[in-house]
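Protein chains in written order, with our numbering: chain L, 116 to 392; chain H, 121 to 413; chain A, 140 to 579.
A portion of the hints provided could be inaccurate.
Here are some of the chain H residues that sit facing chain L, going by a computed Cβ distance under 8 Å [claimed, not checked]:
no., residue
1, Tyr130
2, Leu163
3, Leu193
4, Phe349
DSS-like, lysine-lysine: derived pairs with alpha carbons at most 30 Å apart [what the hints assert, rightly or not]:
no., chain 1, residue 1, chain 2, residue 2
5, H, Lys189, H, Lys173
6, A, Lys418, L, Lys247
7, A, Lys443, A, Lys418
8, A, Lys277, A, Lys560
9, A, Lys277, A, Lys515
10, A, Lys335, A, Lys515
11, H, Lys218, H, Lys129
12, A, Lys277, A, Lys443
13, A, Lys335, H, Lys274
14, A, Lys515, A, Lys486
15, L, Lys117, H, Lys274
16, L, Lys117, H, Lys216
17, A, Lys525, A, Lys508
18, A, Lys378, A, Lys389
19, L, Lys220, H, Lys129
20, A, Lys377, H, Lys180
21, L, Lys215, H, Lys335
22, H, Lys301, L, Lys121
23, H, Lys182, L, Lys121
24, A, Lys378, H, Lys182
Rather than coming from a laboratory, the hints here were simulated on the basis of the structure. Ideal Cβ positions, reconstructed from N, Cα and C, are used throughout, including at glycine.
Residue-level listing of the chains:
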Amino acid sequence: MKDIIKVTLGGAKYIILMFFTVLFLYPIFWLFLNSFKSGTELFETPWSLPGTLDLSNYVRAIQVGEIGRYFLNSVIVAIAVVFFATLLSAMAAYGLTRLKWKLSKLVLSIFLLGMMIPTHATIVPLFSFFNKMKLINTYAAVIIPHVVFAIPISILILSGFFSSIPKEMEEAAIMDGCSIPKTFFQIICPMAMPSIVTVSVITFITAWNDLLFPQIFLSDPKMMTLPVGLTAFQGRYSTDYVGMIAAVVITIIPSIIVYSILHEKIIDGMTAGAVKG
Amino acid sequence: MDKLLQSKKYILFFVAPAFLVFAVFGLFPIIYNFVLSLYRTDLMSEGTFVGLKNYSNLLKDKIFIGSVKNNLLMVAGSLLAHLPIALLLASIIFNKVKGSRFFQSIFFLPSVVCGVAVGLTWSFIYNSEFGMVNAILDFLNLPGLKHQWLSDEKTVIFAIIIVVMWQYVGYHMVIQLAAMKNIDPTLYEAASSDGASKWRQFKDITLPLIKPILKVDAILIITGSLKYFDLIFVMTGGGPNHASEVLSTYMYYQGFRTMKYGYASAIGNILLLLCAIAILTCNLIFGKKKEED
Amino acid sequence: MRAKKLLAVVTALLVTAAMLSGCGGSGGNGDGSTKDSAGSKDKVQMTAMFLGSTQDQAVVDIIQDVTDKFNAENEFGVEFKFETYENEQYKTKLTTVMASNSAPDVFFTWSAGYLQPFVEGGKVYEIGQLLDQDSEWKERFNEGVFGPVTYDGKIYAVPHGQTLGVMFYNTRLFEENNVGVPETFDELLAACNTFKENGITPISVPSKDAWIPGQLLQQVANGIGGMDLFEGTVDGSKKWNDDGYVEAGKQLIQLVEAGAFPDGYLGMTNDEGRDLFIKEKAAMYYMGSWDIGLLSDESAPVSKSVGVFNIPPTDSSSGNVAIGDVDQCLAISANTQNTEAAAAYIKMFSDVEAQEAYAYNADYLLSTKTELDESKLNPLFVEITKLQQELTGVTPWLDRVFGAGEGVEFNNAAQAIIAGKDAGVHMDAIQQFAEDNADR
Chain L
116 MKDIIKVTLG GAKYIILMFF TVLFLYPIFW LFLNSFKSGT ELFETPWSLP GTLDLSNYVR
176 AIQVGEIGRY FLNSVIVAIA VVFFATLLSA MAAYGLTRLK WKLSKLVLSI FLLGMMIPTH
236 ATIVPLFSFF NKMKLINTYA AVIIPHVVFA IPISILILSG FFSSIPKEME EAAIMDGCSI
296 PKTFFQIICP MAMPSIVTVS VITFITAWND LLFPQIFLSD PKMMTLPVGL TAFQGRYSTD
356 YVGMIAAVVI TIIPSIIVYS ILHEKIIDGM TAGAVKG
Chain H
121 MDKLLQSKKY ILFFVAPAFL VFAVFGLFPI IYNFVLSLYR TDLMSEGTFV GLKNYSNLLK
181 DKIFIGSVKN NLLMVAGSLL AHLPIALLLA SIIFNKVKGS RFFQSIFFLP SVVCGVAVGL
241 TWSFIYNSEF GMVNAILDFL NLPGLKHQWL SDEKTVIFAI IIVVMWQYVG YHMVIQLAAM
301 KNIDPTLYEA ASSDGASKWR QFKDITLPLI KPILKVDAIL IITGSLKYFD LIFVMTGGGP
361 NHASEVLSTY MYYQGFRTMK YGYASAIGNI LLLLCAIAIL TCNLIFGKKK EED
Chain A
140 MRAKKLLAVV TALLVTAAML SGCGGSGGNG DGSTKDSAGS KDKVQMTAMF LGSTQDQAVV
200 DIIQDVTDKF NAENEFGVEF KFETYENEQY KTKLTTVMAS NSAPDVFFTW SAGYLQPFVE
260 GGKVYEIGQL LDQDSEWKER FNEGVFGPVT YDGKIYAVPH GQTLGVMFYN TRLFEENNVG
320 VPETFDELLA ACNTFKENGI TPISVPSKDA WIPGQLLQQV ANGIGGMDLF EGTVDGSKKW
380 NDDGYVEAGK QLIQLVEAGA FPDGYLGMTN DEGRDLFIKE KAAMYYMGSW DIGLLSDESA
440 PVSKSVGVFN IPPTDSSSGN VAIGDVDQCL AISANTQNTE AAAAYIKMFS DVEAQEAYAY
500 NADYLLSTKT ELDESKLNPL FVEITKLQQE LTGVTPWLDR VFGAGEGVEF NNAAQAIIAG
560 KDAGVHMDAI QQFAEDNADR
């Protein structure tokens, strides 16, 4: 009897997983199919296989749509955001939880205040500010706001982790002659890899998907990121749907590849501390 | 040793960079917004001070109230998908299934696809004539349930919530899965040999130990769905007739279109207030972690 | 440990590269600079902002040509660099730069209610002064085109094209079904019934974008209240819930009930709706004149049988009124350093070459008195121009006149009405919104 239940449950697991796989994959598969169709074919038969394997949409997306450049810009911005946000947050979280000073709780609360900020409400003041500092139309104008908004949640997660590290770690290191910064970078951080990687993933996704900041703070089309580049397929009175679809497919493929490769590292990174006591 | 930990030099070194960046580019806009919400201005000429009038106007504004309602619906929908369902998927994968790496990649995939693309795809799926949803309903012999999903004021917000649920389930699943993998496996070994069922193990070992991450995840989910903008802007622009308007899109509209920046800032501040309430509630429900000193 | 160090180093390098290229990006060669940049270092840089994405190539080409020519030939020692943005992005961008006092020297604008707040905020230079000083420039333009860009008697922008809302119809389908061009609204309704009975979609009105049912509602209202109703709405003497509008709403519902619109019209996008007419599945299509290029393209089945007429009035005393507006308006921002150079740049957009390009390639009706070679013109263009001359009045799109806010709410109401909701209720809602918003 137990065996039957085991097998059924085991089977049920797979059914659930397969259901969700289809649910997640189908729309993406649909995009892939339709990237070969022409505009009118799309409206006539959106769910059938394409008539021909016509690559003209891809050509258009790359040449006219310059989707390669937008992808690269998105990568540059996202990686820079992750780097700076994680670095600054880790340092701040360490300083707030491991160093002793009176105002630490207050400062921590101020940081956490940032989680409540509606990002779009900051556009006008930030635009004014960046304009005066001549930062408009630079990557910095997009990187800085994202770093700012990533800091609160990153500090929250990282300070949670840092609080749980036994004090003995620092004491031992200092006995050995390490300075505090050295202790931080060479001992504490490696231990915190799980949280650091988690924080990096969260920051990356938010920065990668954002539409509004690049749209407003960048004016040179050569610097636009992916979401903005995709909206450029919309004309004043007509939209190149199939071109947009081809562009989307072009960008999903590298994302899938990169994620598959990094995936092990990410999950391993996120779970590095598992066996330690 | 304590002296070292109290050294001002080090404190500044570690905390100052983040604090400076945050204060200048994060706090300053917030304060600016607070002040701005007390004025009536289009930012091009002198504004007039109106005190709390913007807020009292908001309370009478039907579109605003509708937006709040929509946001709350979004929070509910997101919480449903991104906590229990994500947890379910995470625990299935956690318990060693074949091809778990494959499944994780697939589930995570939608969150990497930009809102613009997701919006485009689902617009086609929801199309009342040739869309997948209505086609499936036809197939299941339920033609009465067919709707113009994105154009019907009654169904549009629900249709959008489903897309949001779809996009980020995998993302939250990965976060929770990572937390699960951080649990010491010997705990499970001990429980197994004591004869505890998988469900029991989940309830008594997994759940309590990932609680801190669940709290953070819940905060991410709630504040995320309160602030959500991109997808709605691209799919419906808040329409039809403000039926899918949320706070962030309405704030955008009153700011960047009608140029009533004072009013828009007031909306922003209400959004901030709602996020604050959400965070406090999460802290209460999940229990605040005591600082070990 | 090694791998992590490597990763850190690589990331740092990437980031540094990014910052460097980012810092260089702002001064780098944007899309809009002149192809020949030799000797451009000693020229003064001026900036311009236009509406246009890769989908609006004809217009972007005109901008590029004019800019190249101006940069090569002008006597001010000035070089213009321009940027183009897609529709929604453009609106947000312009608002933001206006609010932060960093508007470019020259910018594209819509007419009437769109430009008004900027004028009232003191951000736009009164270009009328320069027009008055240069009679050759001013005389190029047709009578009345400056109306929608005049505020308090002063001109603030220059329109370089015009558009007209027309009912495109399939002459072949009309003939085959024995339907004549309707001369009253009732005849239009009857025509819809005939087509419906014969299994043809009468009118394609893709209603996903609210402005499309919006313009239809406005035109029906034109046929009820004429110029009186429009002008009354503008000067405030008539409210949004005026009988004229409510009546128009009810007539729109009559069309809905007659099945005049295609299946799934509520969720249909502009492109789909146009496609329906192009594939000859719909007998009529109400849209702006900008679509003539797409409708008369050789690959379009309908291209051989397209005609136009103005939606006839319900009440003939309202005259022969249509929706129309000026377009491609350019303005100078108030904080420009060199108004004369900016004006000279704008002037080139009404040069013969540019105006010809607007007409032949971009399908804009003329705002100037340029002579056009009919043989190069799309025949629809000629027909529409004739139609334009027979009108007794022209009303710009209400969402242009009133801008964001009431204009958008009017479109929203039309969208709700065409979905079958109560006309009275929704017109009341616009009026309420207008009153509330005035207070915010």
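Hints, verified against the model:
no., hint, result
1, Tyr130, "5 Å, holds"
2, Leu163, "7 Å, holds"
3, Leu193, "18 Å, violated"
4, Phe349, "6 Å, holds"
5, H:Lys189 to H:Lys173, "22 Å, holds"
6, A:Lys418 to L:Lys247, "53 Å, violated"
7, A:Lys443 to A:Lys418, "12 Å, holds"
8, A:Lys277 to A:Lys560, "47 Å, violated"
9, A:Lys277 to A:Lys515, "26 Å, holds"
10, A:Lys335 to A:Lys515, "37 Å, violated"
11, H:Lys218 to H:Lys129, "52 Å, violated"
12, A:Lys277 to A:Lys443, "38 Å, violated"
13, A:Lys335 to H:Lys274, "29 Å, holds"
14, A:Lys515 to A:Lys486, "24 Å, holds"
15, L:Lys117 to H:Lys274, "47 Å, violated"
16, L:Lys117 to H:Lys216, "19 Å, holds"
17, A:Lys525 to A:Lys508, "15 Å, holds"
18, A:Lys378 to A:Lys389, "17 Å, holds"
19, L:Lys220 to H:Lys129, "18 Å, holds"
20, A:Lys377 to H:Lys180, "25 Å, holds"
21, L:Lys215 to H:Lys335, "26 Å, holds"
22, H:Lys301 to L:Lys121, "23 Å, holds"
23, H:Lys182 to L:Lys121, "54 Å, violated"
24, A:Lys378 to H:Lys182, "20 Å, holds"
Hint check: violations occur at hints 3, 6, 8, 10, 11, 12, 15, 23; the rest are consistent with the structure.
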